[in-house]
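Heads up: the protein sequence lines correspond to chains A and B, in order. Per my numbering, the first sequence starts with residue 389, numbered consecutively. Per my numbering, the second sequence starts with residue -11, numbered consecutively.
Rather than coming from a laboratory, the hints here were simulated on the basis of the structure. Some hints here could point you the wrong way.
What the hints assert, rightly or not - Derived DMTMM-like pairs (lysine to aspartate or glutamate); straight-line CA-CA distance at most 20 Å:
hint : chain 1 : residue 1 : chain 2 : residue 2
1    : B       : Lys76     : A       : Glu951
2    : B       : Lys83     : A       : Glu903
3    : B       : Lys76     : A       : Asp879
4    : A       : Lys940    : B       : Asp77
5    : A       : Lys908    : B       : Glu15
6    : B       : Lys76     : A       : Glu942
7    : B       : Lys98     : A       : Glu965
8    : A       : Lys908    : B       : Glu14
9    : B       : Lys76     : A       : Glu887
10   : A       : Lys940    : B       : Glu15
11   : B       : Lys76     : A       : Asp934
12   : B       : Lys83     : A       : Asp987
13   : A       : Lys768    : A       : Glu850
14   : A       : Lys945    : B       : Glu79
15   : B       : Lys103    : A       : Asp989
16   : B       : Lys98     : A       : Asp922
17   : B       : Lys98     : A       : Asp934
18   : B       : Lys76     : A       : Glu950
19   : A       : Lys908    : B       : Asp77
20   : B       : Lys83     : A       : Asp989
21   : B       : Lys98     : A       : Glu961
22   : A       : Lys945    : B       : Asp77
23   : A       : Lys533    : A       : Glu511
24   : B       : Lys98     : A       : Glu750
25   : A       : Lys945    : B       : Glu84
26   : A       : Lys920    : B       : Asp96
This one's a predicted model, so the numbers in the text were calculated from it and none came from an experiment.
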Amino acid sequence: MLFSGITTLEAYHTLLTKNPVELDTLGKDMLIHVTSFFRDDEQLHALKKMLFPALLKNRKKGSKKPIKVWVPGCATGEEVYSLAMLLHEFLDAKRIPFRILGSDISRDAILRAREGAYERNIEEHISKKRLKRFFTTSKNGYQVKKLLKATCTFLLHNVTDAPPIAQVDLISCRNVLIYLGPALQQKALSKLSAALVPRGFLMLGKSEGIGNSRLFQALASQYKLYTNVALLSATMKPHVAFQKRNSSDRSTIARDKRSTPRTPPNRALPNDRQKRISKLREALLLTHEYSDTVIGELDVMNKELQSSNEGHATANEELQTTNEELETTQEELRASNEEMKTLNEELEVRNEEITVTRDYAEAILKTARVPIVILGGNLKLKSANAAFYTTFKTSEAETENKILYDLGNRQWAIPRLRELLEKILPTKGTMTDFIVEHKFETIGQKTMLLNATTLKQGPDTEPHILLSIEDITARKKAEELLELALEHRDDFISIASHELKTPVTSIKAYAQILERRFQKAGDLQSAELVQKMDVQLGKLTGLISDLLDVTKIESGKLQFREESFDFKKLVEEIVDEIRLTTVHRIVTTLARTGNVFGDRDRIGQVISNLLTNAIKYSPHTKSIVVKTTADAQKLTLSVQDFGIGLAHDVQAKIFERFYRIEGRGQETYPGLGLGLYIASEIVKRQHGTIGVKSTKGRGSTFFVTLPVQKRSAPKKA
Amino acid sequence: MNTKKKIILVADDDRGILDAMRIMLEEAGYEARVTEHGRAVRDLPSGLPDLILLDLWMSGMNGGDICKHLKSQKKTKHIPVIIFSANKDVEEIAKECRADDCIEKPFDMKLLLAKVAKALKKPRPKQTP
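If we strip away everything but chain A, and leave its shape as in the complex, we get (with noise of 0.2 Å):
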């Protein structure tokens, strides 16, 4: 009510009529379930001892049935399981089987006692023996065992009905009746006498008693345990129950005798007569006694008929879980016979594979040109392909099977290649580029070149050797000659770009003493043409000079002398040099770019470079644009022209050596195609890129960047 924040109880009746959630809640809090196992330890202590062995003594020597006991007011179902515990130590070894009910009017109770699952917090009252043989762990706490279900049944019963069970021989009824009345008590007291077989055993609770009921009878007061008094007189005495019954019953005896004839009592009948309508009369009360008493055991039977029934829906249930269970595992298997089918699919499709890749593989190693040997463990000859046996002069027959080493007079055992093939790799799995120079005895002194790789054959066996062994003597001539000639080369251009140098050197020098001597004497014309013919000089030089240049970047020897500086300076003297030569406009847009550190000379001959190209390969047009820019890291030096472009494809060609770009129609451009090549092997060593963009017909945009050198001392304030 106070949960619900309601504070009158009209209020609060009204809520429980419209609430049905609420009604519950209330109806649970009503019935207390106070319980736990093994509860007031002194009295299951008191009825381990006494009324077990009782109930043994009760029982028919090589009886089959079980002990039967009903424990009502059963709640969460700890007490019966703590009973079946005690009943399992007790009986189990005895051979004795036992059933145990517990009742219950809460339903949630009930329900919850059947699951037996319960918290962790059971182990205060629970000894480790019994938990390991009665409980499985869950992941909550602990759950009852098979074992102790088995024997234990739950239903839902009100104790003050009539006894769901009949011929118990044993009723634990603890703290139930103090929640009843005194009119109630006696009221299920009765029923409890009615479930009892003879001499069957009460329990109640601590604070519990019969009252002022002569149906029991304390067996020891102080642990509240009873044995029932009622059909123990009854059946153990049938007479006096008879007897006590006739007495105590007499309108069912009036209305007997009013259904029998009316006969004066003094009427004078004869003697036996009179004794056998007695005796008769006896034995037809005695009759509807007994069949009173078969009607009681027939309804009460009933009643344990309707709980079997209930532990048959139980069951039922639990055989439907299994069901499912049985049909997710069903459906389990199925998936999993699926994936089976698709992986055997799988496996089928990786064989083909194997099948096709090794019949490439042996289809490589029959037609390589190349001699190659498979060595097993042992390093014994397992096969070679055709091209060995040619190449050495040897056969199958001749080698199969024996030791490489052991092969054409031992011809193999060089020590290196021992080493290599036995302590290098077993370790790398390879083995690369190994030379041998050997005078082999079929063949003669021959330099080959040998390759080797491991080939893994499973786990137990030792891996293959693949053993390439290629005879590389004409290339290494061949090579060693090529060597010689570049050298040769290098030598020859080198001494002819000196030598060279020298007549251009003098021709150059009269060449200007006769243009001094012209102007001197005022013959203007001639001094011009001398200097046309100093131009061409200039010319020749230059291409001179490329040629030793390409000569030292393929030999290495270009050498940089590296410096810091200005590097629009240097633009704009190189500029103002070429301007000098050509009737081109140069357009100039110079950003500050700062400090390069580079070799002067180099960067000076690739901006000269782009711009005699550009003004040589735009001979229709008139004007040259030479930007620079620069951020933080890089400077970017553009000259585009306006001339004849480049095609897209040969973009890519013209960094490349002697490639020389041909003109419209019959046009040619005269050079070595060395010049971009020498400009792009410069920028690469300075740490730079060249390109360039370009459309056919319509001109070029060359590009360079150079890294900038970092301001770490400024020079300018």
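Using the hints, position chain B against chain A.
For chain B alone, coordinates are given in the frame of chain A:
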């Protein structure tokens, strides 16, 4: 000219170059002495010139070595030496053999004369006659 003509010794193994240089220098107002022999430069039998133009590639002797020798001698170390060569690395070599300047062949006459004038202007320690 008021002052005595400056004497320039030119050494090269090519006669053609020597002739051209002689004309060029004389027309520029110097007294030019030429030789094809390295030894003539090293030992300077006919007196000390005011400047030496020295080719690196001399017959029988290396121009660099001659320069080093001159620069190591008390008597000659003050004489300016300009190295010239068809070799692109001439600048590097010149530094190495302590030459005063260098020029690459083929050279521009104006540039050569400018370098000669500059070298002659350079102040040098006084010589006792």
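We went through each hint and held it up to the structure:
1. B:Lys76 with A:Glu951: With a Cα-Cα distance of about 17 Å, the restraint between Lys76 of chain B and Glu951 of chain A holds, given a limit of 20 Å.
2. B:Lys83 with A:Glu903: violated, 33 Å
3. B:Lys76 with A:Asp879: Holds, because 15 Å separates the two Cα atoms, which is no more than 20 Å.
4. A:Lys940 with B:Asp77: Distance of about 12 Å is within 20 Å: holds.
5. A:Lys908 with B:Glu15: Within the cut-off at roughly 12 Å; holds.
6. B:Lys76 with A:Glu942: holds, 16 Å
7. B:Lys98 with A:Glu965: OK: Lys98 of chain B and Glu965 of chain A at ~15 Å, within 20 Å.
8. A:Lys908 with B:Glu14: holds, 15 Å
9. B:Lys76 with A:Glu887: holds, 14 Å
10. A:Lys940 with B:Glu15: Violated, at about 38 Å.
11. B:Lys76 with A:Asp934: holds, 11 Å
12. B:Lys83 with A:Asp987: The given pair, whose Cα atoms are some 16 Å apart, holds under the 20 Å limit.
13. A:Lys768 with A:Glu850: holds, 12 Å
14. A:Lys945 with B:Glu79: holds, 16 Å
15. B:Lys103 with A:Asp989: Satisfied, since the Cα-Cα distance of roughly 18 Å is no more than 20 Å.
16. B:Lys98 with A:Asp922: Holds, at about 13 Å.
17. B:Lys98 with A:Asp934: violated, 24 Å
18. B:Lys76 with A:Glu950: holds, 15 Å
19. A:Lys908 with B:Asp77: violated, 36 Å
20. B:Lys83 with A:Asp989: Holds. Lys83 of chain B to Asp989 of chain A sits at ~16 Å (cutoff 20 Å).
21. B:Lys98 with A:Glu961: holds, 17 Å
22. A:Lys945 with B:Asp77: holds, 11 Å
23. A:Lys533 with A:Glu511: At roughly 15 Å apart (the allowed maximum being 20 Å), Glu511 of chain A and Lys533 of chain A satisfy the hint.
24. B:Lys98 with A:Glu750: violated, 77 Å
25. A:Lys945 with B:Glu84: holds, 18 Å
26. A:Lys920 with B:Asp96: Holds, because 14 Å separates the two Cα atoms, which is no more than 20 Å.
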